[in-house]
Amino acid sequence: MSIVQESITAKPKKRRINRTPYLLILPGIGWLFIFFLFPLSTLLATSLQKPAGISPDDGYLPAFKVSNYSSALAEYYPQFFRAFLYSGIATVICLLLAYPIAYYMAFRARKYRNLMLVLIVAPFFASFLLRTNAWKTILSGDGLVVSVLNSINLLPQDRILNTSLAVVAGLTYNFLPFMILPLYTSLEKIDPRLIEAAGDLYSPPSQRFWKVVWPLSLPGVISGTLLTFIPASGDYINAELLGSIKDKMIGNVIQSQFIDLRDYPTASALSFTFMAVILVMVYLYIRKSGTDNLV
Amino acid sequence: MNKEEKLQDIPAEIRPFLTRRRVLQAGAIGGAAAVAAACGAGGSTNDGSAPAAETVDKSETDKKVVWSNWPLYMPVDENTKAYTELDAFTAETGIAVEYLEDYNDNNEFYAKQKPLLDKGEPLGRDIVSPTDWMAALWIKNGFALELDQANIPNIANLNDAYKNPSWDPGRKFSLPWQSGFAGMGWNKAKLKAALGTDKLTSMDQFFDPKLKGQVVVLSELRDTIPLILSWQGNDPTQFGDAEFQQAIDYLQTKVDDGHIQAFTGNEYATALENGDVIAVIGWSGDLGQLGPDFSFDLPETGGSIFVDQMLIPAGAEHKANAEKLMNYFYDPAVAARVAAYVQYISPVKGAAEELMKTDPALAENPLIFPPDELLKRAYSAMTFTSEQAAKYNDAWAKLIGN
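Sequence order for the protein chains is Z and E.
Position 107 of the first sequence, counting from 1, maps to 107 under our numbering, and the rest follow consecutively.
Position 362 of the second sequence, counting from 1, maps to 362 under our numbering, and the rest follow consecutively.
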């Protein structure tokens, strides 16, 4: 930080408009334009179309059918609610699990730090789908987890697979690294001498944590929760593979509307609404917590 | 929305322009479609007649054929993991087979390929394997090429029962690959522990409260619904909205009270093996492949029968090769080996006799060579009007939680 400031103040050269930065962001802007803005506008146009006939084979006609939105929402608000509920719970659990791990890696792990980093990233070498499918076996009725929990009477229901518990557990597992890594980077930046100084001033450990470490790690907490919550709420693999009929999330509905029913307007309306809701939530969250020192 | 879906948004007037002058790469076509859509032209209607694909058959010069089939539907050598029959075909004809197990779901495959078919673009596949009702839709929409039966002399071995389906009389466009039942499958030991018997014979047993939360049902509407309809005393081959609604309402109560754990495709086999469920509505061949701890039967009130087809999609570049491949699998000896492995019903005459020579026990398996008594209880899905299809698919999707 300080280096950057120095270099800025130390360079009062002649003021000339430098084109290089603009040229450098051009590919990025172009990419976003073609692969984000265009598809998004098609999505918007599609979400307002009306069916040309009875069957999806007849296709859809351009229209301005806003009722696509209201009818889709009226029909599928439970799945919306469930998506945010499950991913919200998973995000909180992820934070609780990830913080101690990241803390340990940043301050205590020393020579094991790199090993731990590798271990945290290692699951990414197997496909997301495969890992989630593996949970099916782990949580299965004859599997170890269920039989152990059953033998000590700790199982609330008679099964884990195809329950909301399994969906939340799957989401937590799959998105945990996205929480650990940003937390680790912001914790690792903290100068340990600050904590020592707090100790020298007779600050008890809990106060040292809440007054020094936690505030300084907030950027990591914010980016970690965003990186977990946003993809988790749109996820449909976990609900599809680990959940029952009553655990379906909005992603499942969108995929089924697109692929099984070919009801493109409803699917697009749902996607669009979902994006808008996420955008508003993220905006409020960031406004409340501030973006200044977001990593 | 992916590229293919956007392609469908290209208005009919500019489609020929795009196909004839392929100046744009695939990605750019997506962009062009987006422009078209953004300009407010983003509607698509089926003009009824799909553009006839004017693809030249490259069979003579390019000795290959590409086949999209369902998973676990072709004999595999346990040691080498090679497709023995496809290798034998290549050895015999010099035509290499690219075999894709990417046909997982009738609706999904159709939804993904339709934008290409609408435009008359080749799918990169020479044989696809839709189930009968879906094959009917392909043929109706002009997405299948007419077979040159001169290339398929073995068509004479087609079982009489399959010769004239209503949607393809005379088998001009399609040939059956394998056929099978959808009925009840169960874990014998677990069923005995729960119900005191190791045999399921009726849907009443299937919905016995003792099995609550321990059953899984096929997510394929046309496979599951005949079991419920016939059990409720309705005719699965001829029913209306009221009868359909009655079946859906009943299933809904079973979803609400937690009796049905999930609706799945092939995954129910894993759930059975892992002990997650006791009984399923599943496919006969899968249960056959699971081994002696599991069993399969049609409910006494009736189950369903499906026939998966081989079609040559419009735009196929190796049509003659595809026909030769079909011909190869209509040889009774080959058909017998396939049936012995996949444990589904072979549509080929003489396969039973061939199998009798090599594996008599299997040749007497009623699920592979079904007796008339069993066939009488097996209903094939009624052909829906497009109005019915839209309405029923929608109701079904809601039932299964989507």
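Derived from the structure by calculation, the hints contain no laboratory data.
Each residue gets a CB set at the ideal place from its N, CA and C atoms; glycine is no exception.
One or more hints might be untrue.
Computed list of lysine-lysine pairs in DSS-like fashion (alpha-carbon distance at most 27 Å, straight line) [claimed, not checked]:
id: 1; chain 1: Z; residue 1: Lys136; chain 2: E; residue 2: Lys324
id: 2; chain 1: E; residue 1: Lys324; chain 2: Z; residue 2: Lys246
id: 3; chain 1: E; residue 1: Lys140; chain 2: Z; residue 2: Lys136
id: 4; chain 1: E; residue 1: Lys324; chain 2: E; residue 2: Lys58
id: 5; chain 1: E; residue 1: Lys140; chain 2: E; residue 2: Lys163
id: 6; chain 1: E; residue 1: Lys254; chain 2: Z; residue 2: Lys246
id: 7; chain 1: E; residue 1: Lys112; chain 2: E; residue 2: Lys140
Here are some of the chain E residues that sit facing chain Z, going by a computed Cβ distance under 8 Å [claimed, not checked]:
id: 8; residue: Leu72
id: 9; residue: Val76
id: 10; residue: Asp257
id: 11; residue: Asn266
id: 12; residue: Thr270
id: 13; residue: Glu300
id: 14; residue: Gly302
id: 15; residue: Ala395
I'd like to know which numbered hints this structure contradicts. Please list them from smallest to largest.
Those not satisfied are hints 1, 2, 3, 8, 9, 10, 11, 13, 14 and 15.
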